[in-house]
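Peer 1: Single-letter residue listing:
Number of protein chains: 2
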Amino acid sequence: MSKVEIIDLKENVLQENDTAAENTRKRLKEEKTFLLNLMSAPGSGKTTTLVSVINELKNDLNIGIMEADIDSDVDALTIAGTGVRSIQLHTGGMCHLDAGMTNQGLDAIGTEDLDLVVLENVGNLVCPAEFDTGSVKNAMILSVPEGDDKPLKYPLMFQVADVVIINKIDVLPYFDFDMDKVKENIHMRHPGIEIFPICAKTGEGVPELADWLRREVKNWCE
Amino acid sequence: MSKVEIIDLKENVLQENDTAAENTRKRLKEEKTFLLNLMSAPGSGKTTTLVSVINELKNDLNIGIMEADIDSDVDALTIAGTGVRSIQLHTGGMCHLDAGMTNQGLDAIGTEDLDLVVLENVGNLVCPAEFDTGSVKNAMILSVPEGDDKPLKYPLMFQVADVVIINKIDVLPYFDFDMDKVKENIHMRHPGIEIFPICAKTGEGVPELADWLRREVKNWCE
Numbered sequence: 001m002s003k004v005e006i007i008d009l010k011e012n013v014l015q016e017n018d019t020a021a022e023n024t025r026k027r028l029k030e031e032k033t034f035l036l037n038l039m040s041a042p043g044s045g046k047t048t049t050l051v052s053v054i055n056e057l058k059n060d061l062n063i064g065i066m067e068a069d070i071d072s073d074v075d076a077l078t079i080a081g082t083g084v085r086s087i088q089l090h091t092g093g094m095c096h097l098d099a100g101m102t103n104q105g106l107d108a109i110g111t112e113d114l115d116l117v118v119l120e121n122v123g124n125l126v127c128p129a130e131f132d133t134g135s136v137k138n139a140m141i142l143s144v145p146e147g148d149d150k151p152l153k154y155p156l157m158f159q160v161a162d163v164v165i166i167n168k169i170d171v172l173p174y175f176d177f178d179m180d181k182v183k184e185n186i187h188m189r190h191p192g193i194e195i196f197p198i199c200a201k202t203g204e205g206v207p208e209l210a211d212w213l214r215r216e217v218k219n220w221c222e
Numbered sequence: 001m002s003k004v005e006i007i008d009l010k011e012n013v014l015q016e017n018d019t020a021a022e023n024t025r026k027r028l029k030e031e032k033t034f035l036l037n038l039m040s041a042p043g044s045g046k047t048t049t050l051v052s053v054i055n056e057l058k059n060d061l062n063i064g065i066m067e068a069d070i071d072s073d074v075d076a077l078t079i080a081g082t083g084v085r086s087i088q089l090h091t092g093g094m095c096h097l098d099a100g101m102t103n104q105g106l107d108a109i110g111t112e113d114l115d116l117v118v119l120e121n122v123g124n125l126v127c128p129a130e131f132d133t134g135s136v137k138n139a140m141i142l143s144v145p146e147g148d149d150k151p152l153k154y155p156l157m158f159q160v161a162d163v164v165i166i167n168k169i170d171v172l173p174y175f176d177f178d179m180d181k182v183k184e185n186i187h188m189r190h191p192g193i194e195i196f197p198i199c200a201k202t203g204e205g206v207p208e209l210a211d212w213l214r215r216e217v218k219n220w221c222e
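Protein sequences, first through last, are from chains Z and S.
For the first sequence, my numbering gives the first residue as 1, with consecutive numbering after it.
For the second sequence, my numbering gives the first residue as 1, with consecutive numbering after it.
To be clear, the hints were calculated from the coordinates, so they are not data collected in a lab.
Since the structure is predicted, the reported quantities are computational estimates derived from the model, not experimental observations.
Treat the hints with care, since some could be wrong.
The list cannot tell twin chains apart, which means a pair is met if one copy fits it or any two copies do.
What the hints assert, rightly or not - Each computed SDA-like pair below joins lysine to any residue, with the alpha-carbon atoms no more than 25 Å apart: (1) Lys201 to Asp149; (2) Lys218 to Thr48; (3) Lys137 to Thr19; (4) Lys201 to Ile169; (5) Lys32 to Val160; (6) Lys29 to Thr78; (7) Lys201 to Asp170.
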């Protein structure tokens with residue numbers, strides 16, 4: 001038997017998605033719970049980033065994490081190691097989460113006593129960008145090994161993001177990745193968006209990212 | 001004006017996809033043209049791998065490359081630099097290619113005089129695995145920075161692949177990536193599948209991969 005709770009999700013019909021997302025945000029506002037939707041390509045370091053941010057925030061905020069994956073529970077097990085509440089959402093092959101699926105997750109984790117819930121979306125730079133999950137803010141991670149041209153190829157993801165995290169900056173010397181160029185490409189897709197270069201593994205840049213999230217939670221919950 | 005030809009694709013209705021894919025394979029068999037569908041997550045090095053393989057094969061085979069992307073033509077421009085025929089396919093926001101879209105690409109590139117056509121699919125480990133493009137074989141790339149746990153999270157991609165390429169082995173010292181573990185995970189999803197560890201940038205392992213492709217093309221075209 002798995003050591004973490006696993007929820008099998010059912011997809012909402014698409015036309016109801018925007019309404020469902022708005023309803024989720026109303027509910028979260030009433031409950032004073034902030035929901036962050038965290039998106040990236042596979043292997044960009046969503047879970048490692050979450051662990052490092054949780055460790056910065058867990059003494060100040062009640063945190064819950066919903067780990068979405070097509071299969072496996074490896075990420076929820078990793079998050080469980082931080083001591084915060086975590087559940088694994090199984091999407092049944094789906095490439096993204098919609099508002100209805102996210103809501104099933106929120107019901108399962110129980111949000112009343114939580115200040116911050118993070119949804120770790122399916123690793124995918126395309127489909128998750130098309131569905132409003134009901135989150136208060138969207139964050140996306142681009143990791144250095146993926147290359148500085150990704151905003152050119154996956155425009156919508158950078159447009160719907162409220163903040164971009166550039167992870168794995170410790171390996172910058174080993175990749176052809178131009179930090180100025182990537183910022184220019186990101187701002188071409190989304191003028192003025194805030195960008196946090198970090199290394200989730202060493203912790204570099206993580207306090208600044210955690211401060212951003214702490215401010216956002218405070219603004220929402222006041 | 002762009003320096004490469006750009007084709008805007010229209011999606012086939014889903015139920016026709018399998019029939020269309022079979023028809024594509026029949027056409028390719030008659031024309032003695034081998035079609036490889038190359039899939040991976042964003043930034044795994046599909047284009048760089050293609051360039052290194054093209055340089056191994058272009059004196060022996062007539063090659064055409066179809067670069068699929070949601071937007072941009074950066075990859076087709078890179079491929080054009082090798083001297084082989086290349087076109088850019090724009091998916092109009094779609095997260096994958098189906099058989100009908102692939103067929104539009106084959107018509108546009110002109111396959112009669114080509115021995116090998118490679119379709120570089122949209123960077124995505126989920127949706128492209130669900131659609132038969134009409135390819136003769138499917139190859140997928142997993143790059144070292146993405147992590148050795150990806151076969152656990154994206155099972156279908158590893159099941160539909162006929163060969164797995166592990167790219168960016170030059171950065172193995174900088175990542176927690178266990179080569180034995182990843183092979184075990186891949187073979188759990190797809191027993192016996194052939195695995196080629198390579199570094200597309202330095203060329204390590206590329207001749208072995210090119211030899212595999214040369215053999216597959218020869219078997220198909222005889």
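Peer 1: Could you run down the list of hints and mark each one as holding or not?
Peer 2: Results of checking the hints against the structure:
no. : hint             : verdict
1   : Lys201 to Asp149 : both (23 Å within a copy, 17 Å between copies)
2   : Lys218 to Thr48  : within (24 Å within a copy, 45 Å between copies)
3   : Lys137 to Thr19  : within (17 Å within a copy, 42 Å between copies)
4   : Lys201 to Ile169 : both (10 Å within a copy, 20 Å between copies)
5   : Lys32 to Val160  : within (23 Å within a copy, 45 Å between copies)
6   : Lys29 to Thr78   : neither (29 Å within a copy, 48 Å between copies)
7   : Lys201 to Asp170 : both (9 Å within a copy, 20 Å between copies)
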